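Asker: Kindly generate the complete structure, drawing on both the sequences and the hints.
Protein chains: 6
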Amino acid sequence: MYIRGDDRSPDQLRHIKIIRHWQSVGEASVLVSFGKTKVLCTATFDSEIPKWSKGTGKGWVTSEYEMLPRATWQRTKRESRLGKVGGRTYEISRLIARSLRAAVNLKVLGENQIVIDCDVLQADGGTRCASITGAWVALKDSLIWAKKQSLISNVDEVLQNQIAAVSVGIVNQTAVLDLPYDEDSKAQTDMNVVMTKSGEFVEIQGTAEGATFNQAELNELLKLANKGCQELMKIQNASFNV
Amino acid sequence: MYIRGDDRSPDQLRHIKIIRHWQSVGEASVLVSFGKTKVLCTATFDSEIPKWSKGTGKGWVTSEYEMLPRATWQRTKRESRLGKVGGRTYEISRLIARSLRAAVNLKVLGENQIVIDCDVLQADGGTRCASITGAWVALKDSLIWAKKQSLISNVDEVLQNQIAAVSVGIVNQTAVLDLPYDEDSKAQTDMNVVMTKSGEFVEIQGTAEGATFNQAELNELLKLANKGCQELMKIQNASFNV
Amino acid sequence: MYIRGDDRSPDQLRHIKIIRHWQSVGEASVLVSFGKTKVLCTATFDSEIPKWSKGTGKGWVTSEYEMLPRATWQRTKRESRLGKVGGRTYEISRLIARSLRAAVNLKVLGENQIVIDCDVLQADGGTRCASITGAWVALKDSLIWAKKQSLISNVDEVLQNQIAAVSVGIVNQTAVLDLPYDEDSKAQTDMNVVMTKSGEFVEIQGTAEGATFNQAELNELLKLANKGCQELMKIQNASFNV
Amino acid sequence: MYIRGDDRSPDQLRHIKIIRHWQSVGEASVLVSFGKTKVLCTATFDSEIPKWSKGTGKGWVTSEYEMLPRATWQRTKRESRLGKVGGRTYEISRLIARSLRAAVNLKVLGENQIVIDCDVLQADGGTRCASITGAWVALKDSLIWAKKQSLISNVDEVLQNQIAAVSVGIVNQTAVLDLPYDEDSKAQTDMNVVMTKSGEFVEIQGTAEGATFNQAELNELLKLANKGCQELMKIQNASFNV
Amino acid sequence: MYIRGDDRSPDQLRHIKIIRHWQSVGEASVLVSFGKTKVLCTATFDSEIPKWSKGTGKGWVTSEYEMLPRATWQRTKRESRLGKVGGRTYEISRLIARSLRAAVNLKVLGENQIVIDCDVLQADGGTRCASITGAWVALKDSLIWAKKQSLISNVDEVLQNQIAAVSVGIVNQTAVLDLPYDEDSKAQTDMNVVMTKSGEFVEIQGTAEGATFNQAELNELLKLANKGCQELMKIQNASFNV
Amino acid sequence: MYIRGDDRSPDQLRHIKIIRHWQSVGEASVLVSFGKTKVLCTATFDSEIPKWSKGTGKGWVTSEYEMLPRATWQRTKRESRLGKVGGRTYEISRLIARSLRAAVNLKVLGENQIVIDCDVLQADGGTRCASITGAWVALKDSLIWAKKQSLISNVDEVLQNQIAAVSVGIVNQTAVLDLPYDEDSKAQTDMNVVMTKSGEFVEIQGTAEGATFNQAELNELLKLANKGCQELMKIQNASFNV
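Residue numbers (our numbering), protein chains in the order written: chain A, 21 to 262; chain B, 21 to 262; chain C, 21 to 262; chain D, 21 to 262; chain E, 21 to 262; chain F, 21 to 262.
Since the hints were derived computationally from the structure, they do not count as laboratory data.
Wrong hints could be hidden among the right ones.
Since the list can't tell identical chains apart, any single copy or any two copies may satisfy a pair.
Distance condition first, Cα-Cα at most 25 angstroms in a straight line; then the derived DSS-like pairs of lysine-lysine [unchecked claim]:
(1) Lys71 / Lys37
(2) Lys206 / Lys127
(3) Lys97 / Lys71
(4) Lys78 / Lys206
(5) Lys217 / Lys74
(6) Lys71 / Lys206
(7) Lys71 / Lys254
(8) Lys78 / Lys97
(9) Lys74 / Lys206
(10) Lys167 / Lys217
(11) Lys56 / Lys37
(12) Lys71 / Lys104
(13) Lys97 / Lys74
Note that the structure is predicted; figures quoted are calculated from it, not measured.
Answerer: This is the structure in structure tokens:
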């Protein structure tokens, strides 16, 4: 039987922590931790929208993800100094933005843009899922702020879905939830799942890293993901009731 | 009931065409068409591998995807002139490379690199799936070439899996196979699935564009994808028996 | 006596093929072949003109030339990935644009821009000449399209000149027409000539690669070029009478 | 008389906090706060040195400074997305590196490089001084780590100077210490001073923002800076005695 | 006692030369030499101001500094070809601009921008100080030109300060004025000082290159700098009385 | 009859000046003027050659051309700040390099590289021709230097050809030599010709700007170009006999 490095049961999340208003500046600043993974998520509510969106009556949600150079055990080079953003960074930024757009009714948002920044302060696997989970809280905070400024009329009408994200994977033939870097790097299959409160899917990104996977394994992974996402959403909600 | 724009039944592929040796230069050049979508896929067998791979005894498969400016109805700007590669381009390039790595036994490949180039000559939806499907044929051709050059000893030991890819989606509450641009742009859910001959999954990328999707819908989509991929693999194989 | 690798006589063109409407999208898409050299030329008719041109009542013709990475025997790196366009690419793009502007009456074109894209699908010498020759056909097709859209009132008044281009050079002391890569790389002198139907010059770009050339040699080369261009223009015209 | 916005006396520092090992990864990670200004400083000890330094027997200290997009009240654009690092960022990165090189005996360091990363998590004036002050602690921690790894033989021989930095300025004709953003933006003169334990200068960067300054004002500012730096060095030292 | 390489006394400037109207184009073109250091300074008076400045009624002064590749003994690579401007170039450009803004009353300048270009034709130390000293003359010439064009109403009201800059440093325990490259590279302390006619400071940038410096040394260096700047301002003024 | 703006006869050069050793640094520094056009040409003799050239026994000549921002009446933006080199700059850099390679016997040069820098200090038409003409002198000076350093054994064996370049064009139906900007901008045909002492051609670049040109006009232009180049070569030679 497979014993996880941190003694968690296969269907157990790491220690999750969500701290709202971590920065004293800005309308929405959330520090989210999935174990040792720490991401600072901010949401900027902006009345300036992209050109192609003007006059449509609809808003937009975009996102930029980045890692600090020493978020990792080995220092990685800064993309600003390299003069270009890498493929992985773009891919994750786009995933975060797509996921959060699914949480928002863009028509009700009106011609406003929300810019989500996810900066990984420490990386131990699952940074994209932590980013999405934290960003949803920041997004909500930015809407609460916008409501106070009378920029929108109702938070819940804009925020049509609650979403959270978690990674699942198959390690040593065992389906496990919320993989740290150590498990991630040896997983045969690796999947990131974004779900809603009602258990529907927003995004499924599954990759056969070492071995292909079949329908039965897929089903097992999605069941685990659902369990994880439901727990994460409780923690998201609890952060508003501190 | 939903009638498709091109009168196909929901589970029907577009007209698929695979032309090997389309260019007279190069070890592997494949022109693949999924209806009006046309992608030129080449595979370059290179004895030069990335630095981090040297001395590991293992090879690598990488990929670059790009669209010609007038592959589309509206001209898009060249990324070379913009001075940077866009997020979408990176995302697709990475998907193609990951998928094809799942087809290859990197240890048996030895310290060689295969570079897959997918250039979209005409785009009408499904370019990433056409790219993967065509690239598998080009990859095989490059291995046949390498075998002739005695750079590898056996094509089938290197090429451990046959793979193909197809898009599926939900349009007007109907699950459909192989979406052209027109359907793609109005799909509620959009999924790209890469599968093996034995019906296992290599990649699943599902996105709720307009509406989230549930387990039942997912299962229906994956069944369609399996049907499409199996047919595509027959066409791939037929291209070698001309 | 010098025998050419492909047994052509010194004053003979390679097999030339011009296919109009090669892509089903776009107002003008031409696949031109000079032997193994294949270039896809498109022309985009755009009502948006450069800033400095606004209010002048005159239009503009611009061009972008690029090679696919496996257009060549050895793979060349993508300029988009390098983050910058190379000097050779710029030089050829500018030559194509200048040549086609000489074909067009910019005043009669009015405040419209035509963007010529020349993408080399296969390169075996003479790509810039094939590009210009094919681009003229695409340019004409875009004007035919614009006339149908009532964006211009008369094709022939805008298209004041018919032009074609061919390379000539001195190989083994022999003046030859339309050099493939193999001859190009060993030519002492290499010249690209753009001419009009009436035999006037639009561009002459002659370079002493290995040995300088004198007036007599120049005259012989220009005579060859004239013969080649006149034949190319017949083929251009024939492509409209299919 | 001038009353400061936060009721400090003119020669009083903001609340200073230095937290070592803020990240659980890396050899040296320090979170430093000067009031609301928060900078994460890390030091990476690297056996790889720049080319021009190889074979000289001497080491090097370099630095990269950057601000998170929402470190500020208004979101600033990411330099990675802009594709280039701004002048201000370069200027501060170079100041930090020069200052810390003055703290280190590069010969005793041997052919090793220390890379200092200063990422501003929240910006309220004085970010470059906070960076230098925190970076010195991180630098020391990286040397303690290197000693444990037997990469250097003695921490104190490498770390020849203790340094700290503080801003001083003239606001409303009053010389003040450690200016927050609010004072910084209205200062007539603004100066950043880097000093050693023995009260010597490492760097003086004084700028007449609104009004030029004379020798008497300079002397008053430098006296204030000395007081501030001495207090900062006590806090640096205290952080090692927790 | 320390003998300087060029036999100057410690408080002596190199041979200074200021040639106005060096180029026949442009409103202001000044070739300034500090010994072998030669900088071409131009000032462009521009009615187009930066966006953030529009509507404020105030003008702006900006600057770009660059070195020719063979300004130096060893050829340095062109920043244009590297595709990015280096940190040193940015730092100096910013220093020149800040210094000259201190010379100008931006309100009286009105919504106009002056762009200072400083191109180092030959570099032998002190290029930033030569740039500032020459740029002040070019700036004045551009204002004289603007007055003639009735773009401003009075030169002296715009040009509120005369400024010049000089480097000072400690070499072999001796404080010296106006260091050539040879002294600069072995200086323990290196300082660039920008001053006004009335002896006030605009910028002080002092760096402990090899050894830290104390208050007494600072005072001695600033005294030298004042002497040098006053002499430079006489030469600036003389250039207008040729 | 056409009267030139500067009263020259149609076949007359502008006032030409060649100053060797203009910079006191570097092995070869030449300031060349064609009337108001001033270009600083340097040649750097480098034992480091491009990778693809190593082991061939042959050397290389390369070139970089650039204009100062205020070389022109209107300020042009710096390519370093734009982050990319423009097409015109590349085109001219390549022309200069090709032309000078024709002057050099690369085999006799051995595995050395000569880097030609041409920086336009003032631009009034004909900058590429002035660059080539001045660069030949700089190239010779760098070979004289290399001979003194015993890096080559004989200057004249390396420098197999003397070359110079001049522009010719048709203005108001009149063929004219050495066009200033004013004539250049209204020329119907514009041609740059690089020739050798023996009257052979190195490069011919002719462009129909406004009107196409015929063989008779071409011949007349080339005759003028020959006259101009022969005169320029006398001035080149005279510069060595000062």
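Asker: Hint by hint, which ones does this structure get wrong, listed from lowest number up?
Answerer: Of the numbered hints, 1, 5 and 7 do not hold.
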